[in-house]
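From first to last, the protein sequence lines stand for chains A and B.
Following our numbering, the residues of the first sequence are numbered contiguously, the last one being 431.
Following our numbering, the residues of the second sequence are numbered contiguously, the last one being 431.
Think of the hints as simulated: they come from the structure by calculation, not from any bench.
One thing to keep in mind: the hints can contain errors.
Identical chains blur together in the list; that is why a pair holds if it fits in one copy or across any two.
[What the hints assert, rightly or not] Computed list of lysine-lysine pairs in DSBU-like fashion (alpha-carbon distance at most 30 Å, straight line):
1) Lys-31 x Lys-322
2) Lys-300 x Lys-31
3) Lys-300 x Lys-226
4) Lys-219 x Lys-276
5) Lys-357 x Lys-236
6) Lys-300 x Lys-156
7) Lys-357 x Lys-113
8) Lys-236 x Lys-313
9) Lys-357 x Lys-300
10) Lys-366 x Lys-276
11) Lys-366 x Lys-322
There are 2 protein chains.
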Amino acid sequence: MWLTSSSCVQLLIYFFIQVLALCDHPSILDKSETQGLFSADSIERAFQIIDQIPGRATGAYSHSQGIKGLRDQIAAGIEARDGFPADPNDIFLTDGASPAVHMMMQLLIRSEKDGILCPIPQYPLYSASIALHGGTLVPYYLDEEAGWGLEISDLKNQLETARSKGVCVRALVVINPGNPTGQVLAEDNLKQIVEFCKKEGLVLLADEVYQENIYVPDKQFHSFKKVARSMGYGEKDLSLVSFQSVSKGYYGECGKRGGYMEVTGFSPEVREQIYKMASVNLCSNISGQILASLVMNPPKVGDESYESYSAEKDAILSSLAKRAQKLEEALNSLEGVTCNRAEGAMYLFPRIRLPKKAIEAAEAVKTSADTFYARRLLNATGVVVVPGSGFGQVPGTWHFRCTILPQEDRIPAIVSRLTEFHQEFMDEFRD
Amino acid sequence: MWLTSSSCVQLLIYFFIQVLALCDHPSILDKSETQGLFSADSIERAFQIIDQIPGRATGAYSHSQGIKGLRDQIAAGIEARDGFPADPNDIFLTDGASPAVHMMMQLLIRSEKDGILCPIPQYPLYSASIALHGGTLVPYYLDEEAGWGLEISDLKNQLETARSKGVCVRALVVINPGNPTGQVLAEDNLKQIVEFCKKEGLVLLADEVYQENIYVPDKQFHSFKKVARSMGYGEKDLSLVSFQSVSKGYYGECGKRGGYMEVTGFSPEVREQIYKMASVNLCSNISGQILASLVMNPPKVGDESYESYSAEKDAILSSLAKRAQKLEEALNSLEGVTCNRAEGAMYLFPRIRLPKKAIEAAEAVKTSADTFYARRLLNATGVVVVPGSGFGQVPGTWHFRCTILPQEDRIPAIVSRLTEFHQEFMDEFRD
């Protein structure tokens, strides 16, 4: 039983799946049997997409930024989301968000003297990518007491400390909604971050892949681009890269490897280098490109699939919200465990106060206390969580990440196994 | 009119397309209408594939090396091709061959002191990747007089020269069949290369993406693995990486971004690092993975689709052979142009002896003579070729690369435009 990643979950939006299948095999589009198998609007959408592809087939390389017609749809989706213009020429379609992050890191990092400000805890893609490209990770701590908020004064301290050591800090990574921490940053906090990046001349790398995953009524997603534009900041004021993926949201199509980055506020010379980097691998996969366009331009009111699409989407999101709440409550009821709300994303990141004896037992087998706990949990129950050490945490504190992705009907069993294990673990090691 | 890349061509194998569409939308597999739209064996194959995927859907991340059941099929395909065992655990499925090449370069190159032996002319993915990862390209020249063969004595000279400059040469890249040069290396030549790599302790990076593209009866493809095993060399004798792609061959599904590398002869410690690199991007796209398995395990005699599949494949390959021959003849009939046979791959790389006046005219506009010629050709005729400078060539010689991919019925028009342009160009600049 896995509480680690979205590999265990199948979120399914049939409209998306239908369009993808039709685009793979467009010669069935006008067959009569197709109408019995596919919705009218999925057939229509597939026709529209195929018409936008030179050669009317998905088998050829595309433009290295992605098929222009699909980028048009994505830009329109961003405009509809933000209320500010988006330019299809700013969109780079990618095989998921990870290669996009690597691409930006490769462009930003020249040597170990170049630093990237990263949240701690962070999704380890960032530490891995910075290490791979030979740069320096400059950590800033998210404030657990403040619901994993981002404290600008800490950011500033870390920046100055790094600079005093001769590190040229080039960019700030913000993951919103947070991974592994599940928080949704407040609009005021986003404004402070924009202001900070502008003032300090930092590229803002905005990991916004969980933008559809919000589970609490008092929070909503605001893109950094929207916030910056609403503050009156344009192209010349802020270099901003927003990452989006088809692997998250209510669609969860991880295996399709689709995503994009929207790149704004760079000089033409830098843009040319980004394009050159994108072209080294020719193009991202076309199915992933199509799916990214569907995610940003789903069925609308009046379309044949709209009702089923909405029902699927609502069912998935409300189920995820229920799972988040049930797991959060269960975790908070455990001895020595506190857990912030899962406001968004797909994770909970509870803090666990481990007894001294448990920490010593971990040290005796040369492992960290949270890994010791997680291994014990796995062996005793089959439930997998990821130790906080994998994401970074304030030294001396211990956490683990668990996803909210197990099927709803399996959560009671997971909770009861976890609770029983935790009780026994504490009984064994309690000081 | 493009003679540059496979972006212009649509090679289409319907069996592959059908299986991909069905795997995208497996819930139609058992609908009655599906039998009217899809062949029985494509439905059966899709069932088999879906059964091998945890969760029976293509929406989840896979194992970072790719879905095990698909790797089994690929390994079986390699065994059938080579007559020697292949291990599914040696297969890493990737988003096309390019990311696989980058991954190996990233692992091999620690600093500019690390060198990679690369053919000149070469497909510029290699020079780009070596530059990106901060290494040193150690060139060796293919021998145009010997049909772009690979001269071991030159290889040895280049290796020794590089070593004398303090470069640690770690690997040798061989592209067979050749890009941009179109040669198919003879088996004896492959044996010499294997022997050389073994003796010198070099990793052999074998770009074998054109393994299905052979157009002359006196040549055939031999994989380096088969050659090494037939020489009695096993895991411990040679570190070998073979790259394969779904973008070439008779299938040409460039937009699907599928491919794999077969990695043999590395220690468990190195293997672990390769796996770690692969896992940073989670997994390659599942459609590309499926297609790679289909390419290595196409319909067999007796399958419903076998005849149509064979007919499609033969038609594509024999048409490519005819196009290659027609273009080669046309090029060889031009004043000052000589062109080796296109034995394989998708390219011709004619040498063009440009008049002194043309070289001076190019210098006057600060460009290379081959680029000057290619630009003139483009402006006069709309035909695009790539100047040899993009691939590297013996200094003082000039070439261009043209693909053999234009539709067969368009080739006479292309030839006549090219011939007319060339005549006029030579008339304008003849010494």
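Going down the list of hints, with the structure as the test:
no. : hint              : verdict
1   : Lys-31 x Lys-322  : neither (42 Å within a copy, 34 Å between copies)
2   : Lys-300 x Lys-31  : both (25 Å within a copy, 28 Å between copies)
3   : Lys-300 x Lys-226 : within (22 Å within a copy, 55 Å between copies)
4   : Lys-219 x Lys-276 : neither (39 Å within a copy, 37 Å between copies)
5   : Lys-357 x Lys-236 : neither (56 Å within a copy, 47 Å between copies)
6   : Lys-300 x Lys-156 : neither (44 Å within a copy, 65 Å between copies)
7   : Lys-357 x Lys-113 : neither (41 Å within a copy, 49 Å between copies)
8   : Lys-236 x Lys-313 : neither (37 Å within a copy, 53 Å between copies)
9   : Lys-357 x Lys-300 : neither (58 Å within a copy, 63 Å between copies)
10  : Lys-366 x Lys-276 : between (46 Å within a copy, 22 Å between copies)
11  : Lys-366 x Lys-322 : neither (38 Å within a copy, 66 Å between copies)
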